[in-house]
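Using the sequences provided together with the hints, build the complete structure.
Here is how the chains run, residue by residue.
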Amino acid sequence: MSRPVLRWDHCVVNREQNVERFVQEYLSQKERSVCLIAGAGFDPRSTTFADLLAKHKVRTDSLLFREERPSAAKKLRDAAEENLQTLAASLPNRRVEALPIFNQHNLLIGGKKAVEIVAQLNLAGYSDLVLDCSALSRGVVFPIARFLLESQTKANVHLIAVDEPGTDDEIVPVMSERASYIVGFRGAARTGVGPEVALLWLPQLVLKQHRAFELIYDMIKPYDVCPILPFPCADPKLPDKLLEDYSTELQLRWEVDARSIVYAHESDPIDLYRSILRLHFARDRVFRENRGSEIILSPLGSKLLSLGAMLAAIEHNFPVVYVEAVEYRLDLDRLKNRRTSTGPLVHLWLRGEPYDNAQT
Amino acid sequence: MYNPFEKRATEQVINEEAFLALISPEPLNVYLRPYAETGQLYDRLAILLGTPGSGKTTSAKLYEYPVLVGLLRQRGNPAFRSLLTTMTDLGVIENGRPKFLACRLPLESDYGEIWEFPYPEDLREGLFKAFVQARAMLAWFRHLDRAGIGAERVSIVASGSSAAALESIGGDRGPSLLKRALEVERQIYSAVGALLAPKAEEIGNAVTQTYRPFDSIQQFRIEIEGDAPLDLQPLLVLDDAHNLSSSQFGNVTRWLARRELRIARWILTRWDVLPPEEAIASILLDESDSSLPGITTARDITLVSFQRVTGRREHRQTFRRMAKDMANRYLSQMQQFATRRLDDLASMLDNSPEHLTVTRTRELQQSVSAAQKSLHVSDDRRVKLLETIKEFDTAQRDLEEDDRLAMLRILMNRYAKRVPQQQLFGSADPEPARPLNADVSVYDAARLHLLHDYERPFYYGIDDLCDASSENAEQFLRLAAILVEALSTKLIRSRQAHLTSAEQDDLLRKRADEFIRGWNFPQFDRVKHLVESIAALCLKVSLEPNAWIGAGANAYGILQSEFDQVHFKNSELARTLQFAVAYNAINVVPRYECKNQLWCLLELGGLVILRHGLSLKRGGFVEGSAEELALIDRSFTQ
Amino acid sequence: MNQDLALSVLSEIMNWDLARCRTEFAWLQLMARFKYDGYQDFVAGLRFVESLADWLQQFKPQHREAAYLFLRTHVLYFGPAEINHLVDHFYPGVVRPFLLDTVASEAGRPRYLLTPAHPKYRELLRQTLFFGLSDGARIDSFRRATSGIISNEQILLATEIAKPKWDQVLKSLQKDLNEQARFRVLFLIDDFTATGTTLFGKLERFWRDFSSYGIANSHMSPKWAIHVHHYIATSDVKENLPIRDAAQRTERNGDWFSDLHFSYSFVLPASMKLSETNTGAFWEVIDQYYNSSIETEHTRKGGGKDVKLGFGQCALPLVLEHNTPNNSIPLLWAETDDSNGEHPMRPLFRRRQRHTHLSGI
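Protein chains in written order, with our numbering: chain A, 1 to 360; chain B, 361 to 998; chain C, 999 to 1359.
No lab work stands behind these hints: they were computed from the structure. A portion of the hints provided could be inaccurate.
Partial list, derived from the structure: chain A residues whose beta carbon lies under 7 Å from chain B [to be verified]:
#1 His-105
#2 Leu-107
#3 Val-115
#4 Ala-119
#5 Pro-143
#6 Ala-188
#7 Ala-189
#8 Val-193
#9 Arg-211
#10 Glu-244
#11 Thr-248
#12 Leu-252
#13 Arg-253
One side of the interface only, derived from the structure: several residues of chain B facing chain A at Cβ under 7 Å [said to hold, decoys possible]:
#14 Asn-363
#15 Glu-366
#16 Lys-367
#17 Asn-437
#18 Phe-501
#19 Asp-505
#20 Arg-546
#21 Gly-553
#22 Leu-555
#23 Leu-556
#24 Ala-560
#25 Asn-880
#26 Pro-882
Only pairs whose alpha carbons sit at most 16 Å apart, straight line, appear in this in silico EDC-like list of lysine to aspartate or glutamate [said to hold, decoys possible]:
#27 A:Lys-208 with B:Glu-874
#28 C:Lys-1271 with A:Glu-116
#29 C:Lys-1306 with C:Asp-1257
#30 B:Lys-421 with B:Asp-591
#31 A:Lys-221 with B:Glu-468
#32 B:Lys-559 with A:Glu-116
#33 B:Lys-850 with C:Glu-1010
#34 B:Lys-888 with B:Glu-874
#35 B:Lys-684 with B:Asp-710
#36 B:Lys-421 with A:Glu-170
#37 B:Lys-850 with C:Glu-1274
#38 B:Lys-421 with B:Glu-476
#39 C:Lys-1221 with C:Glu-1104
#40 B:Lys-850 with C:Glu-1022
Don't be surprised by glycine CBs; every beta carbon is placed ideally from N, CA and C.
In C-alpha cells form, the structure reads like this:
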C-alpha cells in the first residue's frame, strides 16, 4: 500500500536548548542574514526569541507589527509599549508598523494589510526568513506564513513559537460579531451547481468559547463535525473537561458521533498536522467519486497547535474559519504570578536546507 | 437525548421535509401577509428588520424552491395544511405550483472585502454588483438542480433587453447563463481570496464587462414535460445586511430600490438603535445622488418589522400563538413525548401560583398588621379595602390569603398616600382623594412583592414563557429548552410530565442567568452594566410599598426629543445601546405617549427581566434622561 | 436495561432532586456515549450507567455522594481512541527523534539539518527491531501505523521470539542491507507501568533468553542499545526505573543490558495519585469498603499490608479501556463475594485478573 506523502511529516522541529543551539551554530554564521517578522505586543513571550538572536549576535533585520484593535485596554497598550522597548534593545535594525486589525467599518483587514507590507520587503536579500508567532494573532500569522512559503526565494523559512498553553488560556478574547475565513485560506470555491460537497468541520475545542463556535457553525453549516481534543496534555482531565463544557454542542446541536473525536498532542503541532491529513485521505477515498469532501479547520486555542492545522491547510488548500477578537482580556498581574518561567521555544523549519540536500 | 429546542436555526436538519415539520406559519401570517396581499412584498425592494432569532431567515427559507416542492409533495398531509394555506395566501403557491424562485445570499465578509479593494470606486461597485448577481444566478440554478431540474430545461424571460445586454449575461438559455455566471463568480472570488489583491488591470475581462442579469431577467421559465411551462418570479434575499458598511448598505439599497427591476428583492437586517424609518431615510438622504431623484421610503421601499412596535398588545398575542404552535411542533419531534402523545407544552406547565406556607403567611400577616399600624389605617378602612379585594377575587382569580394580604398592604400604602397626613390621626376614617380599587395591576404588583419578599414563584405558565422571549423565536426556544429538558428528565424518572410553578420559575431564572453570563459580543460587559443598572432602578420603583407604578417597571424612559440626539451628544452611550438592541438586551419603543409627553422607552429584554425579577407586563418605566443614562454608561469600569 | 431506566434507578439511589437530575443525566449520557460504554467488559444490557447504579448501591446512602463525586472528578479513562493515538505518535514522536540523535552524532551533521531522508537514517531504522511485551503494546496497530516505513519483519511479539526467529530476522536484515549487517537498536514496548515490577519480570525473561542464545554476539552490532517504551506511566515510575535499572546492573555484576533507555508517551502527573488531601470524603470510603480476598501472592509482592490503594500502593484512579490496572484502587475494579465476612466489593470497571488463583471450578 502506498502511503500518501506528507510535505511536513519530516519537518525539523527543535525545542528548548536545541533552538538555542540552532541559533548559535547556524543562524549566527556570518554568511547568514535573517529577516525576522514578529509582533510587538503585550504578550510577555514577544521578546523571548529576539533576546536569543541578540545574544548570539545574529545579523537581523526585523519587521515588527503592532496589532491594533478597537477597544484595547490601556494596561495592555502600556505592556506592549514596554515590550517594544525591550525589543528595541535586541533588534537595532527594525521597522515598526502599526497594524489595524479592523477598519472603521468593522471589516477584518489585518491579515491583508500584513501581507501587503511583507510583500514590499526584499525577501531575496536574506538567507533566512523567520516568523515569530509569539505576539501575533493567527489572523496575521497564517497569511504571512503562506506568503513566505509561496514566495519564490531560496531562503530558509522558519516558524518560532513559545509553548505555554497556560498563558494562551489567560488571554481571553472578546469575540467580534461574525466568523470569517483567514485571508488566503478560503479553500476552493464551492458555489457551483451539483451535489453539495460533504463539509467536515474540525473545531479545535478550547474551554468556554461557545460563542465563537456558534458563529463559525452558522457560517459553514457543516455536514459532519469531528472535534479535536488535546491528548496527551499536561492536565490529563482536560479532554474530559472539554467534553463536558461542550456537552450541549456535542450531543444535541452538532450531533457528533462518539467515534469522531480526533486527538492531537498538546505540544506537537506536527502531530495535529498528521492527524488532520490522515482523516483527509481516508475521507477523500470515500467521497471523491461522488461529491467531493472538504475539510474546514477552526484552530482556536493553543497557538502552537494551530500551526499544525495551518500547515495542513496550506498543503491541501483547506479553508480556515475563525472569529477574530475585538479585544483581549488579560490580568497581567495574575499572569506574571503564574508564569514561573518562560515556556520552551519551539522552532519549525518549514522550507530550505535540511530538505534540499537530503542525500549527503 | 434529542432536544430540537436546543438546536439553533442553522443546526436544524437539512432536508426539506424535516425542516417543514418544524415551521409554524404564524410569523409569515403576522409579519409578511399584510404586505404580500398588497403586492408590496414582491414588486419593490422590501427591507425586513428584526433581531437575530426573530425569524426573518427562516421565513425567507420557506420561499426556496426545493422547500416549496417539498411542501407541495406533502399536500395531502394535514400537518402541513396551515402552512400550505399561508403560502397560498402569500402568493407563493398557486394551483399547486410554486410561483417563486428564491435565493438567499448571506452577506458575509466577501462582499465587504470587495469594497476594500484598492481600486477606483466605480470598479469596486461594478465588481460588487457583478458578484452579487453571479452568486444569485448560481444559487437559483442550484435550487432548481436540487429539485431535479437541470439547466437545460431552464430559460429566462427577458424584459425588453437589448441583444447585447442578453449576450453579456450568457443569452437566455440555462446552460450558457450558468456558464457565464460561474465564470464571473470564479474570477471575482479568486480576487477576493487572494493573499494580495490583484492589480486592477488583472481582473479578468469576464468581469470588467458589465454583467447585469438583474436588469434583464423578468422570469425564469421551466420546461415541464407534458405540461405548460412553469414561470417563476426570481426572488433575491440578501441576508445579514448589517455586515455591510453604511455606505455599502446605502449603495445596495439604492441599487435595489430602482423600480425597473422585475425580480423580487429583500434585504434582511437586524435592528439598530434608530427606529427603522429614520435609519433608512437618513442613509438615503445622506447621499446626494442626483441620478436617483425622488426615492421616498414609502413609495419605493417596503419596511417589514419582525418585532413590531405598534399594535403591541395584539402583537404579543400573535407571538404567543406562534410560539405555542412552534413548541408543539418541536415536541412532536421528540420521541419521548410523541410516544406518550404529549403534544401540548402549555398543558404540561402549571399555570396556577404556588402559595406561601402557613408559617410564612403568618409572617406576612404580621407584617401587614404592622404596616397598618404605622400608616394609621383604621380597622374600618381595612375592612373596606378587603372588600374591594374581594370584588376583584372572582372565580377565575382564585386568590388565597397571601395574595389578599399582599394586595392589602399595597392598598393601605396607597390609601395613606391619598389622604392628608394629619387626617390620619384621630379616630376618623377619612376618604381617600381618589377612590381606591383593587385591580389587576395591584394584583400583579402584589405578586412581585411576594417574589422578592418571600421568594414566591413568579414566572410560570406558557404565557410567561412567551412573554419572556422578547418576541424572539430563538430566545423562546432556548428558554423553552430548559423546561422541556426538565420534563424529559421527569419522564425518565417515570414521573408525570408536569412542572410546578416553582420548578418553572427556578429553571427560567437559572437559564436567563446562564445566558447572560455567556454573553460574548463586542461591548458585552458594558451592555451588562447598563442593563443591570436600569434593572436596579426598575426594581427599586417596582418594590415601592404603594406600587404606584402598577404591575412594575421594566423600562427606562427618556424623552423622545432627547433620544433623537443621542447619536450626536452621547456617542459612547449610542454605541452601547446599539449592541444592547442587537442582542435583545434592550428593546427600543419610540414615541410612547404618557402624561402628555412623547417618551422613548428602553425596555429591558426578557432575559434581563427574568434575571432581576421584574414584571413582564409592559408600560411601566422609570423616568430618566439621556444624560443620566450616559452617566451610568460612563461609570462602567472594566 | 435501557439507559433511561438505569438513569431513573440511579436518581433514586442518589436521591437527586430535579435540578440535580437534569445536570447529572446530561453528563452521564455524554460520558457513557463518548467514553465509558466502550469499556471492553461491558455488554449490551449492562453498560456504564447500569454498572454505575450497581456500584453505588454497595455504599451506604451517606457515602454515595462522595463516591459519585469521585467518579466525576478523579477517574481517568483512556479509551481505544486515546491509546491508538499514542500508538500512532510513537514512531514519529519517539523512535524517529531517538534514531536521528544517533545518526547526528555519527554522521557529523548537525541535528537540526537532519531528516529521515538521510540514508544513514534509513539504514539505522532497518537495523531496529520492535518487540511488543504484551497485547497492550498494540503491535498490530503499530504495524498498520508504520506500514510502508517499517517492515513486518521488524515487528515482533517478545514472548514469541525463539532462536530460529532471531535467525530469520537477521537473515532478512542482511538481505535488505548487506551480509555484515547487524541489529543496533531494540525497542521493547508495553502499554502501562506503575511500579516497574511487571516490567522487570519481563525484562529478566527477555534477558535470560537473549543471553542464553548469545544474541548480543551473533545478531547485534557492537554498540547496540535497548530502549524500553511505555505508552502510559506514572511520574513515580519514571523516576524509579533508571535507578532500578542501575541497581540491577550492579547487583548482577554487569550481567544485564548495558545500554538501556526508558521513554514514555504519556506521563501521569504526580497530582493524579489519590491521597487523603485530594479525595475528601471518598478517602474514608476507600478504607471502609474493602475485601482482603483480593490479596494474593502477587499483590503482596507490591508491598503494603493491604491493597486498598491498589497494587504497589499506587492509588491510581486510572481505567484503561481494555482492562483496569490493579494499580488503581480496587474499589474501581474488584469483584468479590462476602464469604469471608467482609464487604462484597462490586466493580465499576471490572478487571480481568491476569494472575488468578484458581478457586475450584
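Legend entry - Interface hint outcome for Pro-143 of chain A [beta carbon to chain B under 7 Å]: holds, 6 Å
Inset, instruction - Sort out whether Asp-591 of chain B lies within 16 Å of Lys-421 of chain B, counting only the CA atoms. - result: violated, 20 Å
Inset, instruction - Using 7 Å as the Cβ threshold, decide whether Phe-501 of chain B counts as touching chain A. - result: holds, 5 Å
Inset, instruction - Assess, step by step, whether the Cα of Lys-850 of chain B is no farther than 16 Å from the Cα of Glu-1022 of chain C, and give holds or violated. - result: holds, 13 Å
Inset, instruction - May I ask you to test the interface hint for Leu-252 of chain A with respect to chain B, counting a Cβ-Cβ separation under 7 Å as satisfied? - result: OK, holds: Leu-252 of chain A within 7 Å of chain B, min 4 Å.
Legend entry - His-105 of chain A as an interface hint toward chain B, with CB separation required under 7 Å: holds, 3 Å
Inset, instruction - Would you check the hint for Lys-221 of chain A and Glu-468 of chain B, treating anything up to 16 Å between C-alpha atoms as holding? - result: Between Lys-221 of chain A and Glu-468 of chain B the Cα gap is close to 14 Å, so the pair holds against 16 Å.
Inset, instruction - Could you check if Ala-188 of chain A really has its C-beta closer than 7 Å to a C-beta on chain B? - result: Because about 9 Å separates Ala-188 of chain A from the closest Cβ in chain B, which is outside the 7 Å limit, the hint is violated.
Legend entry - Hinted contact Asn-437 of chain B with chain A - closest CB pair below 7 Å: This interface hint is violated because 26 Å lies over the 7 Å limit.
Legend entry - Status of the Arg-253 of chain A interface restraint (C-beta, 7 Å, chain B): Status holds, d = 5 Å.
Inset, instruction - Please verify that hint: Asp-505 of chain B, Cβ, nearest Cβ of chain A, below 7 Å or not. - result: Status holds, d = 5 Å.
Inset, instruction - Go through the hint on Val-193 of chain A and say holds or violated, using the shortest Cβ distance to chain B against 7 Å. - result: Because about 5 Å separates Val-193 of chain A from the closest Cβ in chain B, which is inside the 7 Å limit, the hint holds.
The structure is inconsistent with the numbered hints 6, 10, 17, 24, 28, 29, 30, 36, 37 and 38, although it conforms to all the rest.
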